[in-house]
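With the hints as constraints, model all of the structure from the sequences given.
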Amino acid sequence: SQTIHQWPATLVQPVGSPLSLECTVEGTSNPNLYWYRQAAGRGLQLLFYSVGIGQISSEVPQNLSASRPQDRQFILSSKKLLLSDSGFYLCAWSRPESGGETQYFGPGTRLLVL
Amino acid sequence: AQKVTQAQTEISVVEKEDVTLDCVYETRDTTYYLFWYKQPPSGELVFLIRRNSFDEQNEISGRYSWNFQKSTSSFNFTITASQVVDSAVYFCALSDSSGGYQKVTFGTGTKLQVIP
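Chain order of the listed sequences is W and E. Under this note's numbering, think of the first position of the first sequence as 2, with each following residue one higher. Under this note's numbering, think of the first position of the second sequence as 80, with each following residue one higher.
Any given hint could be a false lead.
Straight-line C-alpha distance at most 30 Å; calculated BS3-like pairs for lysine-lysine [what the hints assert, rightly or not]:
1. E/Lys182 with W/Lys80
2. E/Lys182 with W/Lys81
3. E/Lys190 with E/Lys117
4. E/Lys182 with E/Lys95
5. E/Lys190 with E/Lys82
6. E/Lys117 with E/Lys149
Some chain E residues well away from chain W (every beta-carbon gap over 12 Å; in silico) [unchecked claim]:
7. Val98
8. Glu123
9. Leu124
10. Asn137
11. Ser140
12. Trp145
13. Gln148
14. Ser150
15. Ser153
16. Ile158
17. Asp165
18. Ser166
Calculated from the structure, these hints are not laboratory results. It should be emphasised that the depicted structure is a prediction, and the values quoted were computed from it without experimental measurement. Even glycine gets a Cβ: it sits at the ideal position worked out from N, Cα and C.
Given below as C-alpha cells:
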C-alpha cells in the first residue's frame, strides 16, 4: 500500500529565516506530487505540482520554491519567510491517469512564522 | 473556469440526526470528476469518494451517501445518524479531463459539528 510522509509536523520560524519542508511517498513510482497551503479557516491553495523528477510547475508566484530531487521526494523551500507564509502545508500524490486522478494527502506541516 | 461552491460554512447537528452537505459545481467540460474529502481536527485530508461525470448513480457507503445530479450541477453528501466522530471540515472538489496534470478545484469547505 502507498503511504505519504511529511516532516516536520509543526514548525515555528522567525521572519526572514529559511524553510525546508519535506514530503516522501512510499509504495508507488512516478507519482504526480503537489504542495498545497491552507490558511487558518480557509480552503486549499495549490502552490506547486510535479509530474516527474526536476519538473516543477508553480501555480502562485511567491517567495516559495519547490524541488523534486528524487522520484518520490518533494521539497518546499523558502530563502526568507514572511509572516504571510504561516499556514498548514499539505503534500499530496496521485497516480498518473488519463483523467480524474485521486489525490491522497499527507498529515501536513503546521508552520507559524513570528 | 472551474468553480466549486459549498454555501454552508458551518453546520451543527445533534448526534443521530441526518445531515446533508451541499456542493454545486461549474465546469465547461463534458468529462469531469467530483470528489469529497474529510478533514478531521488532526488536519489530514481523507479521501471519501470519486465520481466521474458519466456515472450519475447515487452511492451509499455505510452511513454515507452521495447524490450526484448533473441537471442541477450538484454533488451532495448525506451522513445518516451522525456521530461525534463525523465532526470535521468536508471539502468538495472538481477536476477536469485534460491529460497529464489534473488540476483540482476545491470548495471552501463545510465545517460540521456533531453535538453529543
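Outcome of the hint check:
1. E/Lys182 with W/Lys80: holds, 27 Å
2. E/Lys182 with W/Lys81: Cα-Cα ~28 Å, so holds.
3. E/Lys190 with E/Lys117: holds, 10 Å
4. E/Lys182 with E/Lys95: Since the Cα atoms of E/Lys182 and E/Lys95 sit roughly 36 Å apart, the hinted pair is violated (cutoff 30 Å).
5. E/Lys190 with E/Lys82: holds, 19 Å
6. E/Lys117 with E/Lys149: holds, 23 Å
7. Val98: holds, 20 Å
8. Glu123: Since the minimum Cβ distance to chain W is about 5 Å, E/Glu123 lies within 12 Å and the statement is violated.
9. Leu124: For E/Leu124, whose nearest Cβ neighbour in chain W is about 4 Å away, the distance does not exceed 12 Å, so it is violated.
10. Asn137: E/Asn137 is indeed farther than 12 Å from all Cβ atoms of chain W, at 18 Å.
11. Ser140: Correct as stated: the minimum Cβ-Cβ distance to chain W is 15 Å, above 12 Å.
12. Trp145: Given that every Cβ of chain W is farther than 12 Å from that of E/Trp145, nearest at about 15 Å, it holds.
13. Gln148: Holds: least Cβ distance 18 Å, greater than 12 Å.
14. Ser150: The claim stands: E/Ser150 keeps its Cβ more than 12 Å from every Cβ of chain W (closest is about 21 Å).
15. Ser153: holds, 18 Å
16. Ile158: holds, 21 Å
17. Asp165: Holds, since 19 Å exceeds 12 Å.
18. Ser166: holds, 15 Å
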